[in-house]
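S.K.: Working from the sequences, and respecting the hints, build out all of it.
Those protein sequence lines, which keep their order, are chains A and B.
Per our numbering, residue 1 is the first one in the first sequence, and the count goes up by one each step.
Per our numbering, residue 1001 is the first one in the second sequence, and the count goes up by one each step.
Bear in mind the hints are in silico, worked out from the structure with no lab data behind them.
These figures come from a predicted structure and were not determined experimentally.
Where a beta carbon is used, it is the ideal one built from N, C-alpha and C, also for glycine.
Take every hint as true, because none was put in to throw you off.
A few chain B residues that face chain A, going by a derived Cβ cut-off under 10 angstroms, partial list only:
| hint | residue |
| --- | --- |
| 1 | 1015 |
| 2 | 1055 |
| 3 | 1056 |
| 4 | 1088 |
| 5 | 1093 |
| 6 | 1164 |
| 7 | 1166 |
| 8 | 1205 |
| 9 | 1305 |
Part of the chain B face toward chain A, derived, beta carbon under 8 angstroms:
| hint | residue |
| --- | --- |
| 10 | 1016 |
| 11 | 1082 |
| 12 | 1170 |
| 13 | 1202 |
| 14 | 1204 |
Spelled out, the chains give:
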Amino acid sequence: MSVVDRPIVSTETAGADSYPEHHFLNHTKGVLSWALTLDHKRIGLMYLVGVMASFALGGMFALMIRIHLWNFQDGWLDNKTYNQVFTLHGAIMVFLFIIPSIPAALGNFFLPIMLGTKDVAFPRLNLSSFYLWVTGLILFLTALSVTGLDTGWTFYTPYSIETQKGGAVLAATFGVFVLGFSSIFTGLNFIVTINTMRPPGMTWFRMPLFLWATYATSIIQVLATPVLGITVLLLSAERLLGIGIFDPKLNGDPVTFQHFFWFYSHPAVYIMILPAMGIISELMSVHCHKGIFGYRMIAYSSIAIALFGFLVWGHHMFTSGMADVTTVVFSALTFTVSIPSAIKVFNWLGTMYQGTVSLNTPMLYALAFIFLFTIGGLTGLPLGALSTDMHFHDTYFVVAHFHYVMMGGTLVAFLGGVFHWWPKMTGRMFNDKLGMVSAIIVFIGFNLTFLPQFVLGTRGMPRRYATYLEEFQDLHRLSTVGSLILGFGLVTALVVLLQSLVNGKKAPRNPWGGATLEWMCSSPPPHDNFSSAPTVGDPYDFSKIEYDGRVGGYVRKD
Amino acid sequence: MNFVLADKVAPYAWFPEGASSFAPQVDNLFTAILWICILFFVPIVILMGYFMWAFRERPGYRGSPEALHNTPLEITWTVIPTAIAVWVFWEGAMGYLDMARIPKGTVDVNVTAMKWKWAFKYENGGENGFEKIGKTELPVLVLPVDRDVKLIMRSDDVLHSFYVPAFRAKRDVVPGRYNYMWFRPTKLGTFDIFCTEYCGDNHSQMIAKVKVVTEAEYQQALAKAIEEPEDPLERGKLLYKRLGCSTCHYAGEDGANGPGPSYNGSWGKQVSLENGQEVAFDENYVRESILNPAAKARKGYGSASPMNSYAGRVKDEQIDALITFIKSLESAPPKAK
Chain A
1 MSVVDRPIVS
11 TETAGADSYP
21 EHHFLNHTKG
31 VLSWALTLDH
41 KRIGLMYLVG
51 VMASFALGGM
61 FALMIRIHLW
71 NFQDGWLDNK
81 TYNQVFTLHG
91 AIMVFLFIIP
101 SIPAALGNFF
111 LPIMLGTKDV
121 AFPRLNLSSF
131 YLWVTGLILF
141 LTALSVTGLD
151 TGWTFYTPYS
161 IETQKGGAVL
171 AATFGVFVLG
181 FSSIFTGLNF
191 IVTINTMRPP
201 GMTWFRMPLF
211 LWATYATSII
221 QVLATPVLGI
231 TVLLLSAERL
241 LGIGIFDPKL
251 NGDPVTFQHF
261 FWFYSHPAVY
271 IMILPAMGII
281 SELMSVHCHK
291 GIFGYRMIAY
301 SSIAIALFGF
311 LVWGHHMFTS
321 GMADVTTVVF
331 SALTFTVSIP
341 SAIKVFNWLG
351 TMYQGTVSLN
361 TPMLYALAFI
371 FLFTIGGLTG
381 LPLGALSTDM
391 HFHDTYFVVA
401 HFHYVMMGGT
411 LVAFLGGVFH
421 WWPKMTGRMF
431 NDKLGMVSAI
441 IVFIGFNLTF
451 LPQFVLGTRG
461 MPRRYATYLE
471 EFQDLHRLST
481 VGSLILGFGL
491 VTALVVLLQS
501 LVNGKKAPRN
511 PWGGATLEWM
521 CSSPPPHDNF
531 SSAPTVGDPY
541 DFSKIEYDGR
551 VGGYVRKD
Chain B
1001 MNFVLADKVA
1011 PYAWFPEGAS
1021 SFAPQVDNLF
1031 TAILWICILF
1041 FVPIVILMGY
1051 FMWAFRERPG
1061 YRGSPEALHN
1071 TPLEITWTVI
1081 PTAIAVWVFW
1091 EGAMGYLDMA
1101 RIPKGTVDVN
1111 VTAMKWKWAF
1121 KYENGGENGF
1131 EKIGKTELPV
1141 LVLPVDRDVK
1151 LIMRSDDVLH
1161 SFYVPAFRAK
1171 RDVVPGRYNY
1181 MWFRPTKLGT
1191 FDIFCTEYCG
1201 DNHSQMIAKV
1211 KVVTEAEYQQ
1221 ALAKAIEEPE
1231 DPLERGKLLY
1241 KRLGCSTCHY
1251 AGEDGANGPG
1261 PSYNGSWGKQ
1271 VSLENGQEVA
1281 FDENYVRESI
1291 LNPAAKARKG
1301 YGSASPMNSY
1311 AGRVKDEQID
1321 ALITFIKSLE
1331 SAPPKAK
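M.R.: Right, here's the structure in full:
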């Protein structure tokens, strides 16, 4: 491997590895210095607070759902309220939490630092994307709560265009559209930054895999999100001008809406999972202190997933009465996505082999991810296969499957990433023991919540049911108990993080032994990250990185 | 403890009882996929656990920092999953094509889905009856065993989906067009029909039953299906369920409590309307509310899920029967909460 030059940063020597006096958090002071900041790190942190608050809100609704389902009938919500609550849960989690979570929060913070640059290519666009996100959030939440929207997060027509709800759907989809623009701006910014601002020595195949994943995600964001805009436009044209597109009363076709909706929303699933896979690639190599197994295959598979992801939207509509040929072709294409995902799992395992595995909080979350994502991926097989899907479609089997992928996958990877980069972002170490406890509680609670739902689905329990048959009650109760444990685990994780801000130890420059550039600037990083562009080599060359007891972290021994 | 658990899972471990000709294919394919999943998942978890232990960070041990790369291994773990995926796809597609291709000589049933009720019309024009199951009266579709059944399905309002878990059969019901499905019941018995496409307030109560009977019993049921009682009150009661009124309006001690107003204790009273006026709850008001429901919405129901007009779907003497029925509820109490 080539010689890796040390980056030139403000404080250089090993002795000065301690907490820096000047960093981006105290570079300037006051509310306005945050509100008008162009610093990608501050924007990333503001996103982080925003998405975590959205997650807490969506999580409250999830618990309301689970508690309501404790009894098979006469729960504490009436049917209509229940339908509004599951709509709020789904819509908030998808549009306000999962889609922006990793790219906008962690991606914004670390993409420029991993590239050794001062900022993203368009810092003003970056800030405007944050304000678009806030605007979209306000519009969306207002539309959801004021109008009592109860269509589910999928807004299926014609239910969603019935007279008194039509306006609500228009307002909500407009909110989604504004959120979509925020997503497009972020994606565009990242694509340009990665294409033009890589430092000397960082060829495409020397990029950290998190950047490959972010790059693939950005491509999807830029290409798929406009379709959502088109859909909103068509919905408005139908409502305002009375042109029949989706409404059968105007001779439209409701299934057309499903095509439009999933043409965006299926690629959006990969906007959710690809960055998570990128985080896991980083976590596995850093905490195994070992180069990633099959780097090129992981990089290529990210791009493959992004491309195949555009071709499989029809698998949400296998029972809708599409032509048989279309249905069979979509099933075949769906299976192509499974292969790159499988390859990644094998590569992560291969990375552990003969490495030096540190068991700490981020690593536990990464291992939990592999466990849960494997279940999520494998249970996609009976849903992709047509004849079995005829039984499972729109049952709790689907609910369990996508929670394993989105929550067991994306959320757990997000938490792993937050713990992994927390010392870098805040300059504080968290309590690792308690962090590991939180990971274990989350893992147990998660499986207890969603494993019973697979069984409910195979037994034929349909989803989105406010009441259900008594025979399903035991499994539902098991799931509710699990969800409370899961909620407790997530609160524990939050407490561990917040507690570190109060009395956490000061973080060293490189607490875990990473080899990518963010570990070479101080914790927290200075305002400008690097005083001049560093020259870089292999991001996964751990041979010279050794633990140094004097600084309590890892240093490079050349 | 074991016995208790066994009791819970005794009726069906993974799947509900299979009662159609599709069930063996679906169940076998699912079992095969389940084993494939186990064969992947268990080694992955065992390896993960073993690597965690064997290569754990500890004093005196330092693993290799070099990235590994092994082309034969990578090709193997690409090719084998690909081959398995192709096989699963093929089996699923073949099973699906069998479900999608409707054979000739079927027993045809017209299915109408509406918020929030299933209605079935047999070939002789007769309509489905009802049975009290648990606390509620549910529509019952009677079908002959070992005959191919074709459903011609349409929706009055929004998307619905017809699902019989025991038959492993499901198909969306889309407004503005007919969707078809077929199956061949192979076992006698009563099975659940669920709506699996979200359709609003009482989506979860859009449940019906399918009763699979012998050919002789089926013929009897067909003959009974074309009868409507002579007595106007009895006829009104039947129509209240058959036309789907019961899915929104509470009446007597039956029906859903909302989103529509209850019939109990309304007859002959002055009722307030959404537009601020008052109207007498009489024959004309009932008639108008059936034929043009939006004309005089009751106070507090302006934003409730809208009712479709029954103009063209209900005959004059049927309206008379419904009026007789509502009249009989003049002093019935509201639903106890």
